[in-house]
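Peer 1: Sequence:
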Amino acid sequence: MPRRVKLGPAAPVRSHDELKRQMARRLVATHPEESYESRAPQVLLAVPVLQIELQADGSVRRVIVLREPHQARETVQMAIDAVRRAAPFGSVQALKQPWVFTESFLFDYDKRFKPRTLE
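Reminder that position 68 of the sequence shown reads as 67 in numbering that gives the first Met the number 0, one-by-one numbering, no gaps.
Certain hints may be false.
Unchecked claim - Derived Cβ-Cβ restraints for the label pairs, each shown as a range:
#1 S37 <-> E67: 37 to 43 Å
#2 E17 <-> A71: 28 to 34 Å
#3 K110 <-> Q54: 38 to 44 Å
#4 V42 <-> D80: 23 to 29 Å
#5 E17 <-> V64: 33 to 39 Å
#6 Y108 <-> S14: 31 to 37 Å
#7 E32 <-> V99: 28 to 34 Å
#8 P11 <-> R66: 26 to 32 Å
#9 R72 <-> E32: 20 to 26 Å
#10 D56 <-> K110: 17 to 23 Å
#11 T101 <-> P11: 27 to 33 Å
#12 E36 <-> S58: 31 to 37 Å
The hints are simulated quantities; they were obtained by calculation from the structure and are not laboratory data.
Here a beta-carbon is modelled for each residue, glycine too, at the ideal position from N, C-alpha and C.
From just these sequences and the hints, can you work out the full model?
Peer 2: Shown next as structure tokens:
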């Protein structure tokens with residue numbers, strides 16, 4: 000079973016961009032064996048796109064699939080599970096609502112992901 004890193008509480012964020020970067024970094028940090036940090040390959044296995052809605056404390060309220068790839072459909076659930084395991088993403092109370100953002104997951108042929116925000 001892959002080793003997962005348990006992170007401490009996320010810092011409060013001051014902007015939606017900061018929230019998105021913090022979330023992307025937490026996704027990679029909590030999934031070191033299921034993610035990659037190098038530049039994404041030119042040809043990807045799949046690119047699921049999720050809309051993530053948070054609650055005030057940064058926990059996940061809802062995840063909506065905006066784009067499901069035609070191949071490797073299991074990557075959608077892999078991305079959803081990764082988001083839920085990496086949460087909470089820090090208090091978002093200081094941000095204007097809605098606390099919703101979109102993230103694309105760049106899956107390589109080894110089924111490792113990179114949040115597009117980090118590209």
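Peer 1: State for each hint whether it applies.
Peer 2: Results for each hint:
{"no.": "1", "hint": "S37 <-> E67: 37 to 43 Å", "result": "violated (25 Å)"}
{"no.": "2", "hint": "E17 <-> A71: 28 to 34 Å", "result": "holds (31 Å)"}
{"no.": "3", "hint": "K110 <-> Q54: 38 to 44 Å", "result": "violated (29 Å)"}
{"no.": "4", "hint": "V42 <-> D80: 23 to 29 Å", "result": "holds (24 Å)"}
{"no.": "5", "hint": "E17 <-> V64: 33 to 39 Å", "result": "violated (25 Å)"}
{"no.": "6", "hint": "Y108 <-> S14: 31 to 37 Å", "result": "holds (35 Å)"}
{"no.": "7", "hint": "E32 <-> V99: 28 to 34 Å", "result": "holds (29 Å)"}
{"no.": "8", "hint": "P11 <-> R66: 26 to 32 Å", "result": "holds (30 Å)"}
{"no.": "9", "hint": "R72 <-> E32: 20 to 26 Å", "result": "holds (22 Å)"}
{"no.": "10", "hint": "D56 <-> K110: 17 to 23 Å", "result": "violated (31 Å)"}
{"no.": "11", "hint": "T101 <-> P11: 27 to 33 Å", "result": "violated (21 Å)"}
{"no.": "12", "hint": "E36 <-> S58: 31 to 37 Å", "result": "violated (25 Å)"}
The structure fails to meet hints 1, 3, 5, 10, 11, 12 from the earlier list, while all remaining hints are met.
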